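Participant: One-letter residues, chain by chain:
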Amino acid sequence: MSKLLGELIEALRCLPGVGAKSAQRMAFHLLERERERGLKLAGALDQAMRQIGNCTRCRNFSETPVCTLCASTTRDRHTLCVVETPTELAAIEQATGYRGQYFVLLGRLSPLDGLGPQELGLGLLAERLGEGEIEELILATNPTVEGEATAHYLAQLARAAGIRPTRLSHGVPLGGELEFVDRGTLAHAFGSRQALE
Amino acid sequence: MGIDQQPGYVLHLRAYRETSLLLECLTRDHGRLGVVARGVRSARGQALRAQLEPFQPLLLDLLARGELATLRSAEPAGLPLRLSGNAGLAGLYLNELVVRLTGRQDPHPALFEAYAQTLPRLAAAESPGWQLRRFERDLLAAIGYALQLEFDADGGEPLDPQAHYRYQAELGACRCGPGEAAAVRGADLLALGQDRVPGDARGLQSLRRMMREVIRFHLGGAELRSWQVLAAAMTRP
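Top line first, the protein sequences correspond to chains A and B. Going by numbering that gives the first Met the number 0, the first sequence opens with residue 0, and the numbers climb by one from there. Going by numbering that gives the first Met the number 0, the second sequence opens with residue 0, and the numbers climb by one from there.
No lab work stands behind these hints: they were computed from the structure. Given the structure is predicted, the values throughout are model-derived calculations rather than measurements. A virtual CB, placed ideally from N, CA and C, is assigned to each residue, including glycine. Some hints could be false.
Below, in silico cross-link-like pairs of lysine to any residue (SDA-like), each with a Cα-Cα straight-line distance of 25 Å or less [claimed, not checked]:
1. Lys39(A) - Ile8(A)
2. Lys20(A) - Thr18(B)
3. Lys20(A) - Gly38(B)
4. Lys20(A) - Val35(B)
5. Lys20(A) - Gln45(B)
6. Lys20(A) - Ser19(B)
7. Lys20(A) - Ser41(B)
8. Lys20(A) - Thr69(B)
9. Lys39(A) - Ala10(A)
10. Lys20(A) - Arg16(B)
11. Lys20(A) - Arg40(B)
A short list of chain A residues far from chain B (calculated; beta carbon distances all over 12 Å) [stated by the list, open to error]:
12. Leu11
13. Gln46
14. Asn59
15. Gly99
16. His151
17. Ile162
18. Arg182
Bound conformation, chain B alone:
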């Protein structure tokens, strides 16, 4: 099946055979795809190879047969985006999230949309934390695991900004004491739900902890490699 001018991004690439690359791509209409790019590591393929870096918006022409698609051509869709420093590390985290939480050939247009919006935000943001929380929220919603950030899980009452909750992936926000390690303030949950930056660094930190728990749950208890690899590498302000 031919796929033409499909908006997509390269999530990951690795050497394949003598001169080829095996790409993991996120496409708008076909979800995540494994793609073989033949001959791009040779001198003649250099111009195409340079396009096939993560974070660049591309238009892909593919030939999809069976498990792996073949790349026929790729052209840039817009200006090249540069994610340097911490933004680049955050981008690698996005890519691992998408690869680990979605299956191949399982399209989620909303996820693609969120991904495409997050990259330029990362490039512009001073610190990537909040942008990553927004993306995690949208990713979970797109793949059918939306967070419940309006009502509590105990009685379906609206979240109280003053109260503390413990977010359980399979239930939702359950009230708990403020001293609990996993406690998140109601105000911070509401902020995430309404796409507002939490009031302080502590709020962002507790949301980060909470998201990690939720993601771990959906990975069946597994860890993301980025958590170990990038935690050491990120510069903290």
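With the rest of the complex left out, here is chain A:
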């Protein structure tokens, strides 16, 4: 195998779920049939890797210092929603019609992974909370042990800044049957039941 081909295959293996075999298939596919789009891929990859950084206000991926969401003048500046990853930001954008702003932690408090307040950019978050515009901090970290611990910590930051922290509620999935819901979720949903209006 040629040296360049070997390097390409090795490089493709950095993608999630791509092993030696798939990497080889991808490389051959590009060389045999998709030269032009392969070049386009290379160009896009090169540009993205060099130019995309993190927004200085919300830490989401952005090629400008302030991302379009943060720069937008039509979004509500009084609510801030904290998520763990950009993927989750996208999920909330698509599903909820939320019109406020975001803050992306790029992780969650996790001592065993070496992720602490500093790695999560909580200094920047505290700064934003201190600006005085935000009235509600929506804690949309995942309902995992580490996500809950993170939410607990962030709620303290919010209260210290005089801001109302709220947490996504946990419960039975829509169209779910109680019989098939796992015990933890059911116990949680039962414990946080709400009065019917």
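Please build the complex by placing chain B on the supplied structure of chain A, with the hints as guidance.
Facilitator: Frame of chain A, contents of chain B only:
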């Protein structure tokens, strides 16, 4: 080797491949194990995924081959436990302690016992400090580094409740002046040894400092990440 209905807890988990998780589990008879849970991050695996959170007592069916075991099934062993707020942070600290101080496939049934008892205590306790000191004491004893909390290291005399000591991991309690930074009162050492809550907050604080030194020694001078991460996050009364 098949392992069936093994009592265990998930200590830590991280994403592995497309839809799998890599778990670090503490089991009663096989110690700490690395376990692959295949397919649990897909929509179909959701019900099993929900069980695989830290602090939940589980019964695990595993297939152990080589370094990593494979999860065949997991079912809850008892009611789900909720550690919220500071108790949750304290739980993360427990998990880091166990991961850092024990090796894989090195069973310590006494450690498992102490861990299983500590979780509900954390859930019930107002502040986690004392529960953590008890667990640290039992963890060290289970892995063969038991503290000497009856006699001093100078002459093997019984500890004097009125005296002050400096606890050195490799020696034991050595008498020192009350002004020393690392000084612990004899009464507090005795209380820890006899599983009684120390008389005041100062006692608990000095035990915390002492345990940190001892643990640092057994980690070969390294720090626990929890000390930095959680110190900032815990609410102090």
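Participant: Measure nothing beyond the straight line between the CA atoms of Lys20(A) and Gly38(B); if it is 25 Å or shorter, mark the hint as holding.
Facilitator: With a Cα-Cα distance of about 21 Å, the restraint between Lys20(A) and Gly38(B) holds, given a limit of 25 Å.
Participant: Starting from Lys20(A), check that the Cα of Thr69(B) is at most 25 Å away, please.
Facilitator: With Cα atoms ~24 Å apart, Lys20(A) and Thr69(B) stay inside 25 Å; holds.
Participant: Would the pair Lys20(A) and Arg40(B) pass a check requiring their Cα atoms to be no farther apart than 25 Å?
Facilitator: It holds: about 23 Å lies between the C-alpha atoms, which stays within 25 Å.
Participant: Does the alpha-carbon distance linking Lys20(A) and Arg16(B) stay inside the 25 Å limit?
Facilitator: Judged against 25 Å, a Cα distance of about 15 Å means the pair holds.
Participant: Would the non-interface assignment of Gly99(A) survive a Cβ cutoff of 12 Å against chain B?
Facilitator: Gly99(A) is indeed farther than 12 Å from all Cβ atoms of chain B, at 25 Å.
Participant: So if I understand the rule, the pair passes when the alpha-carbon distance is 25 Å or less; does Lys20(A) with Gln45(B) pass?
Facilitator: violated, 29 Å
Participant: What's the verdict on Lys39(A) and Ala10(A), does the C-alpha distance respect the 25 Å limit or exceed it?
Facilitator: holds, 17 Å
Participant: Would the pair Lys20(A) and Ser19(B) pass a check requiring their Cα atoms to be no farther apart than 25 Å?
Facilitator: Given that 25 Å is the threshold and the Cα spacing comes to 20 Å, the pair holds.
Participant: Between Lys20(A) and Thr18(B), does the CA-CA distance stay at or below 25 Å?
Facilitator: Roughly 19 Å between the alpha carbons, so the hint for Lys20(A) and Thr18(B) holds.
Participant: For a C-alpha distance cap of 25 Å, please report whether Lys39(A) and Ile8(A) respect it.
Facilitator: Holds - the C-alpha atoms of Ile8(A) and Lys39(A) are around 18 Å apart, at most 25 Å.
Participant: For Lys20(A) and Ser41(B), compute the direct alpha-carbon distance and say whether it is at most 25 Å.
Facilitator: holds, 23 Å
Participant: With 12 Å as the threshold, tell me whether Ile162(A) passes as away from chain B on beta-carbon distances.
Facilitator: Ile162(A) clear of chain B: closest Cβ-Cβ about 16 Å, beyond 12 Å.
Hint compliance for this structure: hints 5, 16, 18 are not met, and every other hint is.
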